[in-house]
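Next come the chains, spelled out residue by residue.
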Amino acid sequence: MTIDNKLIEYLEELSRLRLTEEEKEKAKADLSSIINYVDKLNELDTENTEAMSHPFDYTNNFRKDEAGSSFDRELILMNAPQKKNGCFRVPKTVE
Amino acid sequence: MAWETVIGLEVHVELATKSKIFCSCTTEFGGEPNTHVCPVCSGLPGVLPTLNESVVEFAVKTGLATNCEITRFNKFDRKNYFYPDLPKAYQVSQLYLPICRNGHVDIEVNGTKKSIGIHEIHMEEDAGKLVHDPWEDSTLVDYNRCGVPLLEIVSEPDFRNADEVIAYLEKLRETLIYLGVSDCKMQEGSMRADVNLSVRPVGQTEFGTRTEMKNINSFKAISRAIVYEAKRQIEQIEMGKKVLQETRRWDENKDATYAMRSKENAQDYRYFPEPDLLPIEISEEWIERAKAEMPETAAQKRERYVKELGLTEYDARVLTAERALALLFESASDICKEPKEVCNLITGELMRLISESGTSADRIDIDPEKMARIITLTVKGRINRNAEKEVFEALFRENIEPEQYIKEKGLMMLEDDDLVNDTVDRVLSENPKSVEDFKNGKEKAFGFLVGQTMRALKGKANPQTVNKILREKLGSM
Chain V
1 MTIDNKLIEY LEELSRLRLT EEEKEKAKAD LSSIINYVDK LNELDTENTE AMSHPFDYTN
61 NFRKDEAGSS FDRELILMNA PQKKNGCFRV PKTVE
Chain B
1 MAWETVIGLE VHVELATKSK IFCSCTTEFG GEPNTHVCPV CSGLPGVLPT LNESVVEFAV
61 KTGLATNCEI TRFNKFDRKN YFYPDLPKAY QVSQLYLPIC RNGHVDIEVN GTKKSIGIHE
121 IHMEEDAGKL VHDPWEDSTL VDYNRCGVPL LEIVSEPDFR NADEVIAYLE KLRETLIYLG
181 VSDCKMQEGS MRADVNLSVR PVGQTEFGTR TEMKNINSFK AISRAIVYEA KRQIEQIEMG
241 KKVLQETRRW DENKDATYAM RSKENAQDYR YFPEPDLLPI EISEEWIERA KAEMPETAAQ
301 KRERYVKELG LTEYDARVLT AERALALLFE SASDICKEPK EVCNLITGEL MRLISESGTS
361 ADRIDIDPEK MARIITLTVK GRINRNAEKE VFEALFRENI EPEQYIKEKG LMMLEDDDLV
421 NDTVDRVLSE NPKSVEDFKN GKEKAFGFLV GQTMRALKGK ANPQTVNKIL REKLGSM
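Taken in order, these protein sequences are the chains called V and B. Following the working numbering, the numbering of the first sequence begins with 1 at its first residue and continues without gaps. Following the working numbering, the numbering of the second sequence begins with 1 at its first residue and continues without gaps.
Hints were generated in silico from the structure; no laboratory data involved. Take the hints with a grain of salt, since some may be wrong.
[Unchecked claim] Computed footprint of chain V on chain B; a stretch qualifies when at least three of its residues, placed anywhere within it, have a C-beta under 8 Å from a C-beta of chain V:
| no. | region |
| --- | --- |
| 1 | 10-21 |
| 2 | 29-37 |
| 3 | 46-53 |
| 4 | 122-132 |
| 5 | 136-150 |
| 6 | 278-286 |
For each residue, glycine too, the CB sits at the ideal point set by N, CA and C.
Generate the whole structure from the sequences, applying the supplied hints.
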């Protein structure tokens, strides 16, 4: 897999990030080396190997359905760059 | 050319759990913005989700009620997208191993039965609510709903018209409400439907290009949107244009759908297994237990009410139209053993009180034990029908103690036969003309004398007792 400018632009779009030309070049190099590293796994025969999503042999970790108290709104909104009427305020997204 | 409409539905229902799917914040509807929020559901870094066991239980029950296969080994997946309604920038959902698959829901439209396939049902979390702020042209975000557990029920494209869709939604709603897994209130958003629709010439086996209409919030609007969109697509094709695969919004006021601005790359969700949640294994024993706990369906209740309790089909339908009414009916009937009396009080008085007070059946809070006591008193002739209604209304409004209320208001019927005797004597001596008329065969005069006696006793005597004493006395005159 080659990391070209088109792919970098697509990733910028998905992650809502804007990279400078310099950062783009660096990202291209970094991503290429990551892909190459992971590509090594393709050399293995995984025909009969079940894909693993968790390293632990453990299932059914549940909590009982009991409602507890939530956080104070002031704390929840503490790090919000903008807030209004008890809500987080963000650029217009509603169509 | 004759056209056929093909419709598939994605129905989202919010589960009636007390707490959210991955944290213990309440799922209660309403509340001041961002007051049902914690670090887990607001997506702060470093927190870990823990799955609410009831969500899995409700999903299994829903699967069983819709004839699905239950997936024994379940996992969650991340659906990544960047939008402010999800603070984590991903929704925890199930893509690869949904909890239920290959089911069906049977419907009936105008006497014709049809089976609608259920492709799958999966568990996921709801997103927050975005409100447009017209003053500053910005968006305000409330995360109270974020993390409320959802089931997404995906049907096969088996519907051919709006009537089938509505019949299916009504059946699904009734099933889920009676299972106790969701309250399915479309106006509060606890049941929402996305409609996938395409058209094709009759006889063609391949599907046409489909459009998706999202979050239409009433059965009526869904029905109208389907009729409109099918017509629009047919017109496009007949004009030689192509139907575009897109998401369209139903505009209630304009009675039309219009294309939403398509977000670039919106479809690239980059799903991958959710590493923060462990897999779920559903044992045979779990499924058997869920089967044993499955409550009676509305249809089963209707059949039992008619066959075993002697109600009419109509009354059985009225009682089961709301689960709260059916449950009240059953509890009160169990106590007083007078199902027909309980039914009459619910379908008559209670329905009137609910409509007059502008509340809804699922919000009423009537103690079935007190209701049963009122009915027993009426059946035994201790209070009359008017008093029954009055006491019941007081129970509805203020949860009074029936016996105490009856005593305070003096609604108890007289049990003093001497008083009735004396009153009858007085009425007879005051109305010699009527006595004469009765002797001459005028039955009407008897009714008049009963009326006079009842009036003198302020309606608190048992009419049967008054009748009996009057007949005796007139007979010996």
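Verification of the supplied hints:
| no. | hint | verdict |
| --- | --- | --- |
| 1 | 10-21 | holds (count 3) |
| 2 | 29-37 | holds (count 6) |
| 3 | 46-53 | holds (count 4) |
| 4 | 122-132 | holds (count 3) |
| 5 | 136-150 | holds (count 8) |
| 6 | 278-286 | holds (count 4) |
Against the hints set out earlier in the document, no violation occurs for any number.
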